[in-house]
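**Student:** Given the coordinates of chain A, work out where chain B should sit on it, guided by the hints.
First to last, the protein sequences are chains A and B.
Quick note on this note's numbering: the first sequence kicks off at 16 and runs consecutively.
Quick note on this note's numbering: the second sequence kicks off at 16 and runs consecutively.
Mixed in with the good hints there might be a few duds.
[What the hints assert, rightly or not] Just a few of them, taken from the derived set where beta-carbon distance is under 10 Å, the chain B residues facing chain A:
| # | residue |
| --- | --- |
| 1 | Phe63 |
| 2 | Glu71 |
| 3 | Ala72 |
| 4 | Glu78 |
| 5 | Ser81 |
| 6 | Asp117 |
| 7 | Ile118 |
| 8 | Gly119 |
| 9 | Leu120 |
| 10 | Glu122 |
| 11 | Ala126 |
| 12 | Val276 |
| 13 | Val281 |
| 14 | Glu292 |
These are calculated hints, taken from the structure and not from any lab test.
Think of the CB as a built atom: it goes at the ideal place given N, C-alpha and C, for glycine as much as any other residue.
Number of protein chains: 2
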Amino acid sequence: MNPARPFAVRGPRVDCMQYGNWSEKIFRQMRDGGVDAVHVTIAYHENFREMVANIEAWNLLFERFSDLILHGKWSGDIALARQTGRTAIFFGFQNPSPIEDDIGLVEVVHALGARFMQLTYNNQSLLATGCYEQHDTGLTRMGKQVVREMNRVGLVVDMSHSSDRSTLEAIEHSQRPIAITHANPAFWHPALRNKSDQVLKALGQSGGMFGFSLYPHHLHGKSACTLQSFCEMVARTADLVGVEHLGLGSDLCQDQPYSVVEWMRVGRWTKEVDYGEGSAANPGFPDQPEWFRDNRDFVNIEAGLAATGFGPADIAALMGGNWLRFFEAGFVPEDARNSTTARTVDIAI
Amino acid sequence: MNPARPFAVRGPRVDCMQYGNWSEKIFRQMRDGGVDAVHVTIAYHENFREMVANIEAWNLLFERFSDLILHGKWSGDIALARQTGRTAIFFGFQNPSPIEDDIGLVEVVHALGARFMQLTYNNQSLLATGCYEQHDTGLTRMGKQVVREMNRVGLVVDMSHSSDRSTLEAIEHSQRPIAITHANPAFWHPALRNKSDQVLKALGQSGGMFGFSLYPHHLHGKSACTLQSFCEMVARTADLVGVEHLGLGSDLCQDQPYSVVEWMRVGRWTKEVDYGEGSAANPGFPDQPEWFRDNRDFVNIEAGLAATGFGPADIAALMGGNWLRFFEAGFVPEDARNSTTARTVDIAI
Numbered sequence: 016m017n018p019a020r021p022f023a024v025r026g027p028r029v030d031c032m033q034y035g036n037w038s039e040k041i042f043r044q045m046r047d048g049g050v051d052a053v054h055v056t057i058a059y060h061e062n063f064r065e066m067v068a069n070i071e072a073w074n075l076l077f078e079r080f081s082d083l084i085l086h087g088k089w090s091g092d093i094a095l096a097r098q099t100g101r102t103a104i105f106f107g108f109q110n111p112s113p114i115e116d117d118i119g120l121v122e123v124v125h126a127l128g129a130r131f132m133q134l135t136y137n138n139q140s141l142l143a144t145g146c147y148e149q150h151d152t153g154l155t156r157m158g159k160q161v162v163r164e165m166n167r168v169g170l171v172v173d174m175s176h177s178s179d180r181s182t183l184e185a186i187e188h189s190q191r192p193i194a195i196t197h198a199n200p201a202f203w204h205p206a207l208r209n210k211s212d213q214v215l216k217a218l219g220q221s222g223g224m225f226g227f228s229l230y231p232h233h234l235h236g237k238s239a240c241t242l243q244s245f246c247e248m249v250a251r252t253a254d255l256v257g258v259e260h261l262g263l264g265s266d267l268c269q270d271q272p273y274s275v276v277e278w279m280r281v282g283r284w285t286k287e288v289d290y291g292e293g294s295a296a297n298p299g300f301p302d303q304p305e306w307f308r309d310n311r312d313f314v315n316i317e318a319g320l321a322a323t324g325f326g327p328a329d330i331a332a333l334m335g336g337n338w339l340r341f342f343e344a345g346f347v348p349e350d351a352r353n354s355t356t357a358r359t360v361d362i363a364i
Numbered sequence: 016m017n018p019a020r021p022f023a024v025r026g027p028r029v030d031c032m033q034y035g036n037w038s039e040k041i042f043r044q045m046r047d048g049g050v051d052a053v054h055v056t057i058a059y060h061e062n063f064r065e066m067v068a069n070i071e072a073w074n075l076l077f078e079r080f081s082d083l084i085l086h087g088k089w090s091g092d093i094a095l096a097r098q099t100g101r102t103a104i105f106f107g108f109q110n111p112s113p114i115e116d117d118i119g120l121v122e123v124v125h126a127l128g129a130r131f132m133q134l135t136y137n138n139q140s141l142l143a144t145g146c147y148e149q150h151d152t153g154l155t156r157m158g159k160q161v162v163r164e165m166n167r168v169g170l171v172v173d174m175s176h177s178s179d180r181s182t183l184e185a186i187e188h189s190q191r192p193i194a195i196t197h198a199n200p201a202f203w204h205p206a207l208r209n210k211s212d213q214v215l216k217a218l219g220q221s222g223g224m225f226g227f228s229l230y231p232h233h234l235h236g237k238s239a240c241t242l243q244s245f246c247e248m249v250a251r252t253a254d255l256v257g258v259e260h261l262g263l264g265s266d267l268c269q270d271q272p273y274s275v276v277e278w279m280r281v282g283r284w285t286k287e288v289d290y291g292e293g294s295a296a297n298p299g300f301p302d303q304p305e306w307f308r309d310n311r312d313f314v315n316i317e318a319g320l321a322a323t324g325f326g327p328a329d330i331a332a333l334m335g336g337n338w339l340r341f342f343e344a345g346f347v348p349e350d351a352r353n354s355t356t357a358r359t360v361d362i363a364i
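Next up, chain A with everything else stripped away, as it sits in the complex:
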């Protein structure tokens, strides 16, 4: 499929998780790959003020590379990006650290453009239990309050790095569908970060979205994983939860130095070395599979899905149509009569 063909011909291409060492090179690869929207991480362990500094850095990128990217706030920004040949960048947090202990910051970070927030990043948080903890106590008292507030303002609950009970309770407690933006099914590759059939089914039944990861530690065979194996896993997951609940969240961490992996894994919570999904022998970012090295390779996945038997409509849904629909429903505040900002979103879509 030619990524340069007019956007009216193909559906939107959305990647619901990347964390690159952002540069003109990567933004140009997004354009070369016909990627219309990317959900990017702007906080791992940052507190509120540190996260704001990361937004400031993004604002400089939006200003400097205004011909390549724009700040995505509403689903309509994907159409705007397609009309102007750019990529819409949506913000998210992999940890609730930016809201600190202050529920009032949920609405504030939404005003600043945050659209996804994980309740945990591997460890126990103030809100829920991470997937690396030994005991999962589910949503905390504050967690329940914050999920309700996230529902109200239009900040999507993301349980990618949470453990099962917390995830199931978030699905149950949330009044709007939630997301697992980047993970894979445990039936295919039983990593701590991958998800059980029970979680996958509950997510789909509640109208939630699941984004397939292309991070080697989440892949069967890791860096040697084949495209065919990946696409067959997508088909099996579609049989389990319904293709309409599936998309991509590649977890592409391009051009990052080791210091960044270390910050992701260690933050300020330990003085020891924690290798996360890596090991002392292989501490850095693993090599990407050769069929998905960067943003130019989404075309390979499209081809792989077609070879596996998916039809054009399902491929369009998997490559971004499902995320677009989820963004439309997920980001607008409950009380949309309260500002022209929210009100005019409907016009823009």
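**Tutor:** Structure of chain B alone, referenced to chain A:
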């Protein structure tokens, strides 16, 4: 004039400066007085994080009193407020303290809804010189950079508490018209806070806006000022700068305890007592003139302007039409093609 008459019949009523001890009582008085929009102060000396806490407090008010007020972000929110029988509340700072020493925070505070920022509050700031300083050095190096950035993102430069040279340089340096949201002409009452003919003329010639204050220390005769004297002063100012550059910025500080006056005057910049425009004998808020006690009394000003000889079109312009036009032009980012938020403002107006 009946404030309850349908909004289509009369123009918008806009007060471009209030700082009340916010309560249901005040919001109901805004509705009783037919006030469609109010620019409120959310920071005097607060740093960024403290200002964010003030926004959080406002968000609770917006949620609790959603039948009376809404958060105004764009000029179109005034129409929305009128259509839904509410008052649009626009945020502003009386000091640049919320951006600290960080120009990147200019865009961040705009995203949070800030629409006016004074470059100084009486004292020297990092950006310019306040009206109580002995020496006025004009815009600082950072001041020039920040004015340019405010122009870019749509944050209005407000020089209400600045001294003359700084104000003239801001008018000169700014690429968009600036505002003096709340002050009076010095020709009528020569207070340090009131403005020279030179400043008033330069402001009008540059397309700027001047809001008349009803704070007794800015009034000829202070609390005993007559409505006739006030309206005659408005007429004389209109002759000097043109009626299209004039509006109201009442500076109504309703129901505030003395501790708030003290915070406004003293902040953290001195350990001594500074009485500002007050005195040791009269340190608190002075009594409002009997013809303007609260939001229900804008009707008196309308009547006074008519008695002074203003026609209906000029009265409508003075009571809010001029501010509405200024809001339309002033709040939208320069590069409005960069988001649906800015793009759809045009639709909403």
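**Student:** Each of the hints needs a verdict: does it hold here or not?
**Tutor:** Each hint, compared with the structure:
no.	hint	in the structure
1	Phe63	7 Å, holds
2	Glu71	3 Å, holds
3	Ala72	8 Å, holds
4	Glu78	8 Å, holds
5	Ser81	7 Å, holds
6	Asp117	7 Å, holds
7	Ile118	9 Å, holds
8	Gly119	3 Å, holds
9	Leu120	7 Å, holds
10	Glu122	5 Å, holds
11	Ala126	5 Å, holds
12	Val276	26 Å, violated
13	Val281	26 Å, violated
14	Glu292	33 Å, violated
Going through the hint list in order, the structure does not satisfy hints 12, 13, 14.
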